[in-house]
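Chemist: Which chain is which? The protein sequence lines are A and B, in order.
Residue 841 in this note's numbering sits at position 593 of the first sequence, and the numbers go up by one each step.
Residue 134 in this note's numbering sits at position 95 of the second sequence, and the numbers go up by one each step.
Everything labelled a hint here was simulated from the structure, so no lab data went into it.
Each hint should be verified, as a subset may be incorrect.
[Said to hold, decoys possible] Heads up, simulated SDA-like pairs for lysine to any residue below, C-alpha to C-alpha not over 25 angstroms straight-line:
no., chain 1, residue 1, chain 2, residue 2
1, A, K341, B, S90
2, B, K152, B, C86
3, A, K776, A, M928
4, A, K324, B, S167
5, B, K99, A, E675
6, A, K444, B, Y176
7, A, K612, B, T91
8, A, K464, A, K486
9, A, K531, B, L208
10, A, K421, B, C86
11, A, K745, B, N53
12, B, K99, A, F250
13, A, K663, B, R44
14, A, K486, B, I158
15, A, K580, B, Y176
[Stated by the list, open to error] Each pair of labels, with its calculated beta carbon distance range:
no., chain 1, residue 1, chain 2, residue 2, range
16, B, Y207, A, T608, 32 to 40 angstroms
17, A, Q267, B, P211, 51 to 59 angstroms
18, B, R122, A, W345, 36 to 44 angstroms
19, A, S604, B, Y207, 19 to 27 angstroms
20, B, H212, A, E404, 46 to 54 angstroms
21, A, S290, B, T162, 30 to 38 angstroms
22, B, T181, A, P264, 53 to 61 angstroms
All C-beta atoms in this analysis are idealised placements derived from N, C-alpha and C, irrespective of residue type, glycine included.
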Amino acid sequence: MFWAIMSITLQAMNVPPGQPNVLYQLAERMMSKLNSEGKVGSIEELQLYLIILLGQKDRHVDALALLEGDVGVKTKAIENVELRYLRIQLLIKAERWKDARDATVQILTEINSDDWRTILRYFDTIFLPVQDDADLKGSENLTEARSFIAELVQKEGKTPKRGPFLAQIELEKRVQEKIGDNKEMVMNLLVAYFDKFGSKSCCFEDLSTYIANLDKDEAHGFCKKLKDTTGEKSETVKDIAIQINIARFERFVGLQVKLRSADAMALVNKFWKLYEKALPLGKDLEETELQYGDDYAIMAAHLLIDVHRDTKSYFPLLNASFMLERALSASKHNYQIKLVLIRIYELLGAFNCAVSIYSTMAIKHVQHDTMSHFISDRASSFGLFNEALTQLYSAHEIYHSNTAETPEMILQAYKYSTFSKMQEFIEFQSRLENSLQKMISDRELIRLEFLKEDSVTRALTWLQQELEINTLKFDTAFCESRIDNRDTTVMLNWNPKDHLSVETLTRPAPQPGHEWMTLFTLVPRLLKHMAHLTPINAEYENLVTALESLIASDTVEQQSSELTAEEIKLGKIIFQVAKVFQVLSQAIVAQNSNSPTKEDPAKTVSTIKEHFTAVTRLQKRDPIKSTGVIPWQTFHILTTVVETAGYLNIVNQCLQNLITTKASKKPTFKTVNAAIQEFMGHCRQALQAVQTDIDGLKNVVKPERLTTGLIYELCDGSALDFVRAPENQMLITEKTLKIGDSWMNSLVNLQQEAVSRMV
Amino acid sequence: MSSLRQFKATDLFNFNAINLDSLTETYNISFYLSYLARWPDLFSVQCTPSSTLMAYVMGKAEGTGTDWHGHVTAITVAPEYRRLGLAQGMMALLELVSEYPYDGYFVDLFVRKSNKVAIEMYTQFGYSIYRAVKGYYSGDTTEDAYDMRKPLKRDVDRKSVRENGETYLVEPHEVLF
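Turn these sequences into a full structure, and let the hints guide you.
Modeler: Laid out in structure tokens, this is it:
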């Protein structure tokens, strides 16, 4: 019977808001009948009843009655951590302030003084009843709150819980916001909190929201106070933890941003020195534990990332990678070091190095949906198509698992009558099924699978027979219903609130989203249409229009564009040749049927030539000058040219096929054929230019050249102590050669791809 | 300070700060969801005020007769939130739930014989070594496990406490319930 009610409830939840919903009422009636028969006896059954009531508007009083009534007592609802909290929420909604306050006080004094959500609800019972902020000042509520929290603080013994202390800060912060004149109190509490908990790693996170609320002078003042009281002691593990927290706060309040290069370098040196000083203290640590000074190394890397962004030089990034590798060798499992390294290697164009680190992170199952973007975003750009495919295939497994496993788990919830979990499981399934990352990696897979087909014939076959377009949607409704599960907050970040996070700053290109997904949906769909030589229909015109608006200049100039300049260029080129296909296809149909609207062949060829010229203009680019470093950007340019060449080969073949298989009057299109041939010559030139560029780059990254060139330049007269130190030379050489190795791999592969596409 | 609440299926999208740590294993979907489906109140999580997940514990209830008990399958705290008493809070909740509604006699867990830090921590929480399980942990090196137990109210005679339990050796197949 409960199963039936659950099923109806699930259906009720799926009714769009605003529409009449009798299902809830039906479920409630069935539930009420069971209840009157005394059959509602378990926590899960009670939760189901509550779900039904709370799914309807303004039923919180009834829900409360249920929780506090016979069924609640019978099932001991109050001992269930979720129902206990739910009751408090409902009491607040029903404005039963005293009851709510008593309930929260009981939990905080008897069960857990650290429970933050209960503390917040306690504050609700204090602040919400006071309508006017002006009344707050002398109100009983405030007095009571202050005394209660002070009591909680008093009770904390030798190993104090942080809850009550942070509650004090929260309370006084709210008073400051509502009444004002409380800044000094807040500041004193902040400093006192640091005094007590400053050696705990979580102290930074605990206080950062409050520090973010201070104005610049106050925030700087806070850091100064901390420095004054603690000095620069860094002898014990506790000292180090305190100093690291202070350094985090200093970065957070802006004291490490907009530094001049020289100052930044000096600070990097200082942090590295502190890192090295902390190492001996960790000599007996287990291999799975992190070194005490690791965050100094990471902070040094953050500074170098800033310098790289300011100076546009890649040397700071290289130096950061060496230092992080050194730190990683002493702290093999520090995943935060690994995350920064992965991004730095990607910025440096060294895919093999990035993969090497990523593969040590043991990212599995659901983590593929949330974390794989670190390695799979635009993975094709490095020119290592097989390696990229491997990463993408293994990440895609989770979506198959979801389809196979999750429905079974929903049935399990039914089996055990765990009603509270059913909707949750359904939501979980949906989040994976409709994952944005799934679509993005899917599009990247399609690009790579196409890139793998290095002959025109094979590529055409792939387009015709293997590429399925049912899932290749791009309409607004589809895009907006994708769910973004990507984890972009796991990377350590102590940047000021108004600054971009480290995760954002270390992206080689803007994060792919709807626009990016749309571009790489339109391209394969257009190509597939052409491969089948399908006549021009509404669908084709729709695709072309969509592409046109995607690459329109106003989108392009927007800062928020997700597309790189090369991707926009690719889009524009495909647009032009899509028009050529359209013009030619329609001209052939008109000529075949001798339609009265058929145009003069000369006009057809002239229009086609205009489009081809537009493409040739877009293909023009400056040769790549090597500076010793081959960053992501360079590989991205080269790979996109090769990818575009592959698409153009297909298009040119399809255009020729159109004439040979569809035109009844082939001689009419002789001039078009000639134009196509000429255009193919330009395409070959573009590929030739890639090969020339690669030849030049290969020269520069040969190991011998790296040793005498890049490595020498990095070390000679470096402002960084780490780089000048003789004991680090071997590591620097080893890592630079590994990066060079990865570059060479990419270059060799790209050259082969370029050669194979010369038709 | 943290919020202690029941783990939700969707928390799996947000647990990377915990699970990226090398000592924490990430299992497939079925593993987590099957626990949630069957013992939702034995799977709890600690969150920061900004809803970052700091730690979680997975438990189940099993056994027959006087062996009916709560079991800690996994307990893990993200590196930066260690030594804050989070494990204690979660264990206390698990023990409470093992008593009501599960009405178990004791709570038990397995820990590596060499994991002195963990053994000390559980001892502080009121657990004692009940027996040793030969070769329980496989992998690069095989290692014995200690089955540590804490008696609950229902274990009136404290049968789940054994003197010198570490000398009481059993085979892995004997620990199936």
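Chemist: Indicate, hint by hint, whether the structure satisfies it.
Modeler: Hint check results:
no., hint, result
1, K341(A) <-> S90(B), "holds, 22 angstroms"
2, K152(B) <-> C86(B), "violated, 30 angstroms"
3, K776(A) <-> M928(A), "holds, 20 angstroms"
4, K324(A) <-> S167(B), "violated, 30 angstroms"
5, K99(B) <-> E675(A), "holds, 23 angstroms"
6, K444(A) <-> Y176(B), "violated, 40 angstroms"
7, K612(A) <-> T91(B), "holds, 20 angstroms"
8, K464(A) <-> K486(A), "violated, 28 angstroms"
9, K531(A) <-> L208(B), "violated, 34 angstroms"
10, K421(A) <-> C86(B), "holds, 21 angstroms"
11, K745(A) <-> N53(B), "holds, 21 angstroms"
12, K99(B) <-> F250(A), "holds, 24 angstroms"
13, K663(A) <-> R44(B), "holds, 24 angstroms"
14, K486(A) <-> I158(B), "holds, 24 angstroms"
15, K580(A) <-> Y176(B), "holds, 22 angstroms"
16, Y207(B) <-> T608(A): 32 to 40 angstroms, "holds, 39 angstroms"
17, Q267(A) <-> P211(B): 51 to 59 angstroms, "holds, 57 angstroms"
18, R122(B) <-> W345(A): 36 to 44 angstroms, "holds, 37 angstroms"
19, S604(A) <-> Y207(B): 19 to 27 angstroms, "violated, 46 angstroms"
20, H212(B) <-> E404(A): 46 to 54 angstroms, "holds, 47 angstroms"
21, S290(A) <-> T162(B): 30 to 38 angstroms, "holds, 35 angstroms"
22, T181(B) <-> P264(A): 53 to 61 angstroms, "holds, 57 angstroms"
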